[in-house]
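One letter stands for each residue in the lines below.
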Amino acid sequence: MSTPALPEIATSDAPLPGLRVTPQTRLRLLEFHRFEAAGQTFAYLVPSAAVFALDECALALVDLLGEQGTASIEALAAAVDGKYPVQQVWDTLGDLHRARVVTEALAPAPAPKILPLTPIPLQTLVVNVTNQCNLSCEYCYEYGEDKIVDTENGQQPKFMSEETAREAVEFALRESGSNPSAHITFFGGETLMNFPVLRKTVAYARQRAADVGKAVDFSLTTNATLLKPDVIDFLADERIGVTISIDGPQEIQDKFRVFSNGQGSYALVAPKIKALLERHRSRPIGARVTLTRQTLDVLKIYRHLHDEMGFWEVGFAPVTTAPQRGHAISDAGFDHLLGQFRTLAMDYLQAALEGRHHGFSNVRETLQELHQGHAKAYPCGAGLGLMGVSTDGQVSLCHRFAGSEAHKFGTLTEGVNRDTQRAFLESHHISHKTDCATCWARPICAGGCYHEAHTRYGTTQGPNLHYCEWIRGWTHTCLEIYGALAVQRPEFLRQFDGVDHEASDRH
Amino acid sequence: MKHLTAINRKARRIEKVTALPQHDVVALQQGSQPPQQPEGPHIPAGCSIVFSPGWEADRTGGTAGLCQPVERDLFDCHMGCYWPAQVPDQLNHAPDWTAKCAAAQKDWRQIDLVFPG
Chain G
1 MSTPALPEIA
11 TSDAPLPGLR
21 VTPQTRLRLL
31 EFHRFEAAGQ
41 TFAYLVPSAA
51 VFALDECALA
61 LVDLLGEQGT
71 ASIEALAAAV
81 DGKYPVQQVW
91 DTLGDLHRAR
101 VVTEALAPAP
111 APKILPLTPI
121 PLQTLVVNVT
131 NQCNLSCEYC
141 YEYGEDKIVD
151 TENGQQPKFM
161 SEETAREAVE
171 FALRESGSNP
181 SAHITFFGGE
191 TLMNFPVLRK
201 TVAYARQRAA
211 DVGKAVDFSL
221 TTNATLLKPD
231 VIDFLADERI
241 GVTISIDGPQ
251 EIQDKFRVFS
261 NGQGSYALVA
271 PKIKALLERH
281 RSRPIGARVT
291 LTRQTLDVLK
301 IYRHLHDEMG
311 FWEVGFAPVT
321 TAPQRGHAIS
331 DAGFDHLLGQ
341 FRTLAMDYLQ
351 AALEGRHHGF
361 SNVRETLQEL
371 HQGHAKAYPC
381 GAGLGLMGVS
391 TDGQVSLCHR
401 FAGSEAHKFG
411 TLTEGVNRDT
421 QRAFLESHHI
431 SHKTDCATCW
441 ARPICAGGCY
451 HEAHTRYGTT
461 QGPNLHYCEW
471 IRGWTHTCLE
481 IYGALAVQRP
491 EFLRQFDGVD
501 HEASDRH
Chain S
508 MKHLTAINRK
518 ARRIEKVTAL
528 PQHDVVALQQ
538 GSQPPQQPEG
548 PHIPAGCSIV
558 FSPGWEADRT
568 GGTAGLCQPV
578 ERDLFDCHMG
588 CYWPAQVPDQ
598 LNHAPDWTAK
608 CAAAQKDWRQ
618 IDLVFPG
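Chains as they are written, first to last, in the working numbering: chain G, 1 to 507; chain S, 508 to 624.
It should be emphasised that the hints constitute simulated quantities derived from the structure, not laboratory data. Accuracy of the hints is not assured; some may be wrong.
Claimed, not checked - Straight-line Cα separation of at most 20 Å, DMTMM-like style, residue types lysine to aspartate or glutamate; simulated pairs:
id: 1; chain 1: G; residue 1: Lys272; chain 2: G; residue 2: Asp230
id: 2; chain 1: G; residue 1: Lys408; chain 2: G; residue 2: Asp146
id: 3; chain 1: S; residue 1: Lys613; chain 2: S; residue 2: Asp603
id: 4; chain 1: S; residue 1: Lys509; chain 2: G; residue 2: Asp55
id: 5; chain 1: G; residue 1: Lys376; chain 2: G; residue 2: Glu31
id: 6; chain 1: G; residue 1: Lys300; chain 2: G; residue 2: Asp233
id: 7; chain 1: G; residue 1: Lys200; chain 2: G; residue 2: Asp254
id: 8; chain 1: G; residue 1: Lys158; chain 2: G; residue 2: Glu405
id: 9; chain 1: S; residue 1: Lys509; chain 2: G; residue 2: Asp63
id: 10; chain 1: G; residue 1: Lys274; chain 2: G; residue 2: Asp230
id: 11; chain 1: S; residue 1: Lys509; chain 2: G; residue 2: Glu56
id: 12; chain 1: S; residue 1: Lys523; chain 2: G; residue 2: Asp497
Unchecked claim - Looking from chain G toward chain S, a few residues come up when the C-beta cut is under 10 Å (computed):
id: 13; residue: Phe52
id: 14; residue: Glu56
id: 15; residue: Ala58
id: 16; residue: Gln372
id: 17; residue: Gly373
id: 18; residue: His374
Only a predicted model underlies this, so the values are computations on that prediction, with no experimental measurement involved. Glycine included, C-beta positions come from ideal geometry on N, C-alpha and C.
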């Protein structure tokens, strides 16, 4: 076998100047997840979260390295001799090395732990304008058996005062730092139970944002029980993004989303939602579904909420709960769920290929993240670009921890305690989640929801091991859809070019 | 890249920052940028005020990228730094010894030996 001039691969190693490669240099594979779509083979690289399509020669070399563990360049070239010229093998190995698919067998594994620089500009402030609710959903994390803060008998006021809400606005604008805009999400309890303060806060925030030369926008989550015509007019006129918590058709909604007397809420909310969807056209309105062991019929729920009720998008999330609760989803339940998600996701792909809108927002959000290729050190923006505020003005990790002393990051008036924030980021970095160290899905999952982990395992620091299989299965499905779109309708993916992932939770 | 196709935005960024430099001696002409950064301009300032790699080992743990570029020895280190680079006496005996070397990074091969006499 003739050996081509050495600089060919040496110069292919721009990120590693000084690397000396000879035909005897042994290579090995780095981490990646392989998937096929539209007749092509792709690699989702870990930890970079980059997606590359591999040509035949690259695939052959990757397969050889996969079988052999490590192999020298000359051995690889010999193994594919007759099929691919030596020069092509060297070129391909150069490309694989640049993309970090392969590395020298003896190169030490890099283990970077890079903490974000603080202060981090705040993107979203979730303002809990009340901790009261007019429904008594059995699975509720705020009032149910898994609650963190005693909002019923606790120290905090039941409703946020107008003054505290104004301080929240000042906090959001101040902490947004160099960002040109601030985003405020109103939350609860049932958000609209404090509509008077909410309405005044929007006006105040618009004025203050104009004063400081920033844009501000708003969203809220509601159970729809209090959507009266004047409220709907306000939401539409002020272009407030609305997410409705609803679980599906009547028989499903009324299983858990009930009033304190046990009566279901569907009959009350359905006409109000219809009125909202007819009047509020300035922003797309989404439904947010909580899935439980008893309510796992994703396809039926989607069809009802999207096709029949007219929601623009429908997003699903398994209930957050301790495993022993009656509504907790079992392992078999997660398998069933994944099957349903896959079916609906393939519907989404078909619609995307045909240029039709599809409202399954779980797919869209995952595709967006895959397209950006952010490699996450933290599962979400909580404690980074997102924080929550309780009714008394305490700032915490996120709205799900609002009012919890153990998860306090500061107060509206005193600002964020940077030492607390740094300590949190230090201890919650993906590199501390040893269970995640060998998982290919960690760039997109990073261990999952802090609140879920806290509820399941009593700590925000651990990964959510109960849904690892589910996350891998779902990410794989979305990668297949992503790959198919990249090959068959790449223009569809352009909508994600300028969009950054917004870490938010719409419970 | 010819054999891999960048699909998502991260992959396109990786492709861009690892693009092959059009230089003749790559390792020596990388500049003093950390890995995976687009190459910046070469600023021949004293190495004590820029983040040059170390003297004992370069950033990859090898020796090919030490105190780069080495031309600093000739034009900078022996004056601005303590580095005892052996260069001809440009004031008295060899005022023209770098005359053919207009741009050190490109023309360093033009510098010849200086013989006493």
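To see whether the hints hold, each was checked on the structure:
1. G/Lys272 to G/Asp230: holds (12 Å)
2. G/Lys408 to G/Asp146: Since the Cα atoms of G/Lys408 and G/Asp146 sit roughly 19 Å apart, the hinted pair holds (cutoff 20 Å).
3. S/Lys613 to S/Asp603: Given that 20 Å is the threshold and the Cα spacing comes to 18 Å, the pair holds.
4. S/Lys509 to G/Asp55: holds (9 Å)
5. G/Lys376 to G/Glu31: This hinted pair holds, its Cα atoms lying about 16 Å apart.
6. G/Lys300 to G/Asp233: violated (31 Å)
7. G/Lys200 to G/Asp254: Violated: G/Lys200 and G/Asp254 sit about 33 Å apart, past 20 Å.
8. G/Lys158 to G/Glu405: holds (17 Å)
9. S/Lys509 to G/Asp63: Holds, at about 19 Å.
10. G/Lys274 to G/Asp230: Within the cut-off at roughly 15 Å; holds.
11. S/Lys509 to G/Glu56: With a Cα-Cα distance of about 12 Å, the restraint between S/Lys509 and G/Glu56 holds, given a limit of 20 Å.
12. S/Lys523 to G/Asp497: holds (16 Å)
13. Phe52: holds (4 Å)
14. Glu56: For G/Glu56, the interface hint holds, since the closest Cβ of chain S sits about 9 Å away, which is under 10 Å.
15. Ala58: Holds - the Cβ of G/Ala58 comes within 10 Å of chain S, reaching about 5 Å at its closest.
16. Gln372: holds (6 Å)
17. Gly373: Hint on G/Gly373: holds, closest Cβ of chain S at ~3 Å, below 10 Å.
18. His374: Holds, because the Cβ-Cβ distance from G/His374 to chain S comes to roughly 7 Å (cut-off 10 Å).
Hint compliance for this structure: hints 6, 7 are broken, all remaining hints hold.
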